[in-house]
Every structure is written in C-alpha cells, then in structure tokens.
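J.: This is what each chain is made of:
2 protein chains.
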Amino acid sequence: MPSSFFFRLTATDGAARLGEIATPHGVVHTPAFMPVGTQAAIKGVHHDDVRAAGTEILLGNTYHLMLRPSAERVAALGGLHAFMRWPYPILTDSGGFQVMSLANLRKVAEEGVTFRSHLDGAMIALTPERAVEVQILLGSDIAMQLDECVRLPAERSEIERAMQLSLRWAERCKRAFEKAALGQALFGIVQGGDDQNLREASARALAAISFDGYALGGLAVGETQDVMLKVVAETAPMLPADKPRYLMGVGTPADILEAVARGIDMFDCVMPTRNGRHGLAFTRFGPINIKNAHHAEDPRPLDAESRCPAARDFSRAYLHHLFRAGEALGGTLLSIVNLYYYQDVMVGARAAIAAGRFADYLAQSRAQWAAKSDRQES
Amino acid sequence: MPSSFFFRLTATDGAARLGEIATPHGVVHTPAFMPVGTQAAIKGVHHDDVRAAGTEILLGNTYHLMLRPSAERVAALGGLHAFMRWPYPILTDSGGFQVMSLANLRKVAEEGVTFRSHLDGAMIALTPERAVEVQILLGSDIAMQLDECVRLPAERSEIERAMQLSLRWAERCKRAFEKAALGQALFGIVQGGDDQNLREASARALAAISFDGYALGGLAVGETQDVMLKVVAETAPMLPADKPRYLMGVGTPADILEAVARGIDMFDCVMPTRNGRHGLAFTRFGPINIKNAHHAEDPRPLDAESRCPAARDFSRAYLHHLFRAGEALGGTLLSIVNLYYYQDVMVGARAAIAAGRFADYLAQSRAQWAAKSDRQES
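As given, the protein sequences belong to chains X and W, one line each in that order.
Numbered per our numbering, the first sequence spans residues 1 to 378.
Numbered per our numbering, the second sequence spans residues 379 to 756.
Calculated from the structure, these hints are not laboratory results.
Think of the CB as a built atom: it goes at the ideal place given N, C-alpha and C, for glycine as much as any other residue.
Hints may contain errors.
[Unchecked claim] Computed footprint of chain X on chain W, listed as stretches where at least three residues anywhere in the stretch have a Cβ under 8 Å from a Cβ of chain X:
no., region
1, 416–423
2, 443–451
3, 460–466
4, 669–680
5, 694–703
Pulled out of the complex, with its shape left as it was, chain X reads as follows (with noise of 0.2 Å):
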C-alpha cells in the first residue's frame, strides 16, 4: 500500500490522458468514474457489487456526514473507509455543494458559510478549517477545498465574487490541511463560471497554491453541454499537466468521454444510481426507460453479452414487473447494471487511450448509442 498521494500520466492520446493515482488505500486508473456515496452508501447497492462494477474509488459527501452522524462519529469509529466497510479509496467532497443546493437560510461570508440543517434546523457554520478538519476526520484519500459555486446562468459579477472568494478559501484549506496525515491528498477548484478569462485566472492562481490535484467545479448547474464542454476544453489546459483533473457532478456516458477527450482524469455523478433506481437504465444501446410498455413481454436480458449477471439473467419483462410492482429490487438491479456500464465506458476508454485510437473509441461509442437499434423508445 502506497504511504502517500501520487500520479502518474502513463499515455496521452490527443487531450485525452491514461494515468494512476497512488493513495493510502490503492490505485485508481484514470479516466476513473467515481459511484456518489452521499451517507455513506450507494443508493440501494451493496458496497461488494460497487466494487464487483469495478469501482475503484468512491466518493463521500461532507456535508452529510458532518450533519448525521457526525464526522467526529466516523472517526471515533475508525474513519469512513472502516465505519462503511469500503477499504478502498475515497474522495470527499468539501460541503461547499450541497449546502447550496439542500440548506435553507444560507448565508455566505468571508469567514465561510452558516447554514439550517435540513435534518433538524440547527445553525451550522462551516469554514475553509472547518471542512479540511471533517475530511481529516473523515479520512478521505482526497479532500476537497471549500468553494462557493454559483448556478448559472449568473452575472460576470457574481461569478467573479464567487471565483475569488473560492481563491481565499483555498489558501485557507490549503493552510488547514497541513494537519492531515500522510498521503492524504488536498484538491483545488476552479471556478468562473462559463466565463473564460475568470477560470484562467483561478486555475492560475490554484496552481500557484499548488495542489495535489485540481477540479472543475460550478459546472452541470444549468449550462448546456456545449458551454460546459467549451470551458473544459479551454480550462483544462491551463492546469499542471502532473496532477489529475476532475469534473465535478458530471454526467452521462457521452458528458464523460467527450470531457475525457478534453483532458480529464476524473468524474463522479448520481446519475447511475438515481436514474437507476427511476427505470433508466444505461447500455451499449444507449439508455432504456424500462418501464416503458413495450418491454412487458420481452424475454431478452438488457444486455446479453454484458459482464454484468444483472443485464445477462434478468428478462426485461423481469425487470418491467420489478418496477411496475414497486418492487426496490429493480432499481437495485438497473443500479448495479449502471454501475457496470460507467465502469465499462472507463476501461474502453483507458484501453483505447493506452492504443492511441480514443478518437475511434469516442465515435463508435457515439455512433452505437444513436444507433436505437436495440431500444424502440421510439
């Protein structure tokens, strides 16, 4: 087991990079794809098929674990990789997200943010020392630095207070962080919105802080694809070409590869669990809504050549009556079958990274998923 945090750029093909990043609790290939365990868990899955998916790190919420249990809880019981049971890698996110998107009477400040919890209204006040000190708590192999992120669309203005005051509290994580242990590893996060010349200027100034790696954030928060792809494609240059770059709370199969082909290493989104759990599943086909009429008398499993045994043994038929029903097991079932899918798409593409065609690899992808031959959605 590797002692400290490492990367390793070991192909470029294009823009798009191979890499492994080395932490405490093993390797993670990149491009990876990281499954949300918002509590602690993976929405209705079973942390040994997270893993059977081939998951090689997951990542953690801080803003919940810090309201229930408690962070001071998890580490009292031997921090998140112990307290879940997950012995592998772990990045937590900082708070900064969520607090924006599920607190009420939030109110930012230079010290940081003071927040109702959703769970019992208390006030809470989390600072750039406070969300280091619960991800050391914590125990994440990756943390995240406080940031402010800002739903677009928005005005320049508040897009650059948000950017800059994000630059303060990252000097501030930065600072807060030399207390964790050795071979956690501390992320920046760029922000500017979909305004060009303010990411340059975070990106520029995180990389003067000098991080362990750097994130996109503020993005998939209302932009089209197009936007978000153009600010990658501009952004992800600007960053250290040693340290892996993350797009966060990103996204479908295609979101991801074409992000891939822009240069970054790491992704991680609800989208396999959530949409699993409401019928949709995702496959080399392209997405099939299986609650959809059509699929009440088909024998044919999901997938028939998939690695994964919930695509290969369960008719659609199944699975439709599963959902029908209100029977839980059929989102756990197009969960694990999600799972397998994002997973996939990340191996093919270090595969055809590692063979110098992730051009090819990106058009076929494309090509198979518009190609409905297997999905009559109509």
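Following the hints, position chain W against chain X.
T.: Same frame as chain X, now just chain W:
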C-alpha cells in the same frame, strides 16, 4: 432432476420429523423455511443472496401474480421459475388468504370468491378451478387449494361454515389439478380455527380426498401462540405421516421450532424481510432493534461468528446509521441477515432431529434468545 413430487421421511425425534421433498426443480430438506416472494421477488433482496442464505424453496403469491403481471403473461414468459430466474423449487399459495386481507368488496359464495382488485378496482372471480389454473400457469412445484380463512376469534358457526366450504373447494381443486404437469403437487389446507373437533373433521376429510401434502391454514391470524401450538399439536398427528405438513404464515424462530417439535415440516413467513426492513435483526442473541440509540457508536458486528457476511462485516453503528439516514441498504442488509438466520435455525433443527437431540436444541435456542446477553434492549 426428479420428474415427480415425492416426500421421504428420513428420521423422527419425538414428534419432530426430518425429511426430503423431491420436486421438478430440486430437493427441499425439511423442516424447511420458505421466504416469501410476494410479487416474484423477495422484497429488497437479490435472488443470489436469498439462495446463498440457504433457501431451498420460495413462496410466491397467486393473488399478486394473477393481478400483476398476470398468470398468462408469466406462462408466456416460461413460467414463474424462468420469469423471476429462480430455478429452484417454488410453492404458490392459492390467493385465498390475500383476497381476505387485501381485496375490497370481497364476496364469498359456493362457486368461489369475487373481489375488487386493490390495484385497479377490476372485479375478479377466483374459483377453486381458477386458483388451480393460475398455479398451473405459474408452474409452481407445489400448489395450494383455494380455501377460506377466518380471522380469530370467530363464532364456531362461522369457522365451521368456512371449513366445510374449504373442504368442498378442496375436492374441486383436486379434480381441476388433474391437468397439472407431471411432478407438480397439490396440498390441501386444514381449516377449523381453534376448534379441535372441526380441525379433526377437516384433516380426516382432506386425507380421504388425498393430497400430496397438508397445510394448517387459519393460524397466525390473531390467536395467541399457546392456542396456535395447541391446534398444531392436536392436528398434526391426524395427518398422514407419509406426507409433508405445512404451517402457513408462521412465524418467529421460536414459533417455528415449537411447531417442528409438534410435527410440522414446512413454514413460510414475511418476518425475516418485513422486520428486516423495519430495523429488526433476528440473531442467536435474540432480536436486535438496530434503530435503538445505543447502537449508534457500537463498532461490533451483529454476530462476528455468523455465516452471513452482512452480519459479520458491518458494524452495528453503520447499520444504525443506514436506518437513521433512510438508506434502503440498511433494510436489505438486515433482511439478508434474517434470511441467513432463519435458514441457520432450520439447519440446526434438521441436524438436531438427525442426532435425536431436538428437545435439547429447542431448549438451548430458547435459553440463548432469552439471555439477552448481547442485546441490551433494556
């Protein structure tokens, strides 16, 4: 694979019996516990976990399956085993009990029962012949006669009326079942409430019709455990010794062992999964309510020596957290824990009968559950 139904009694120990039921989908060792797969799924638990727990036979509910997705659709998809991908033995009930407990505007007549579907309000007729037809379409290994089950306490005249009607329906089911595939079996159901004269009359009349096995119905419907066990103790000896005996809808591990001691071979109950979803774990140490606050910081697993990975691998603190956080994984894990424990109780019962020490096993189990050594439940 045996081509026809067969029961072999291999040992007895007092009134307790050890046996094997051969079915077209494999052998069931008795005493056996059948988890309930109401809608062609064990709620919240993957089939592979149900099987790994030691489950040899499942119960499916005719009432639910005839309404959704319909027996005809299941038949078109290859029968219930293929539809739900459970290639092992399945017993289906007749629908009578659910009609009583779930349907609206239920009307019982000589011909059968008519009721309004709880799903779409459609009026549906369930006759003895239709109940058998549905179960033949589902293709279960063991089908049950249609009966009328009366909640206790009830007037003797009402219990007798329902018992006599159930006997006439038993004859009609037997005739209708002649069309069943080779190897399918049909069980009769003894009714008679808590009146031993009625129970005896029902048992003798059913034996005269001759079934592949005999169930005790109309228990676990409101009476005390004492009353239930008295009926079991007095009725079981009146049933043919060379056929399996099934106590429907029972019960706790204690109920089951007490009934085994009185000559019962088969059981079904929703308790392992329903109670699991509500935070109650059945363990060697007695029931543990994982939602109780004192588990919040307890790093111990539910049972470090369990054969069940979920009972060994996750701390009580983590399981407690999952329930507090509303994560469905908590209910899934406790359901798995409970399914393993129920099957372990049955494995222990079979071993004890084989060794001629069932009375000791029962006494030890009672003492262990009562010791509360590990539950601190107050």
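J.: Each hint should be assessed against the structure and marked as holding or not.
T.: Hint check:
Counting residues of the region 416–423 of chain W whose beta-carbon sits less than 8 Å from any beta-carbon of chain X gives 7, enough to reach three: the coverage restraint holds. Look at the region 443–451 of chain W against chain X: 3 of its residues bring a Cβ nearer than 8 Å to a Cβ of that chain, three or more, so the hint holds. For the region 460–466 of chain W, the assignment as covered by chain X holds, since 3 residues bring a beta-carbon within under 8 Å of that chain's beta-carbons and 3 suffice. Judged by the Cβ-Cβ criterion of 8 Å, the region 669–680 of chain W is covered by chain X as claimed, because 3 of its residues qualify and three suffice.
Counting residues of the region 694–703 of chain W whose beta-carbon sits less than 8 Å from any beta-carbon of chain X gives 6, enough to reach three: the coverage restraint holds.
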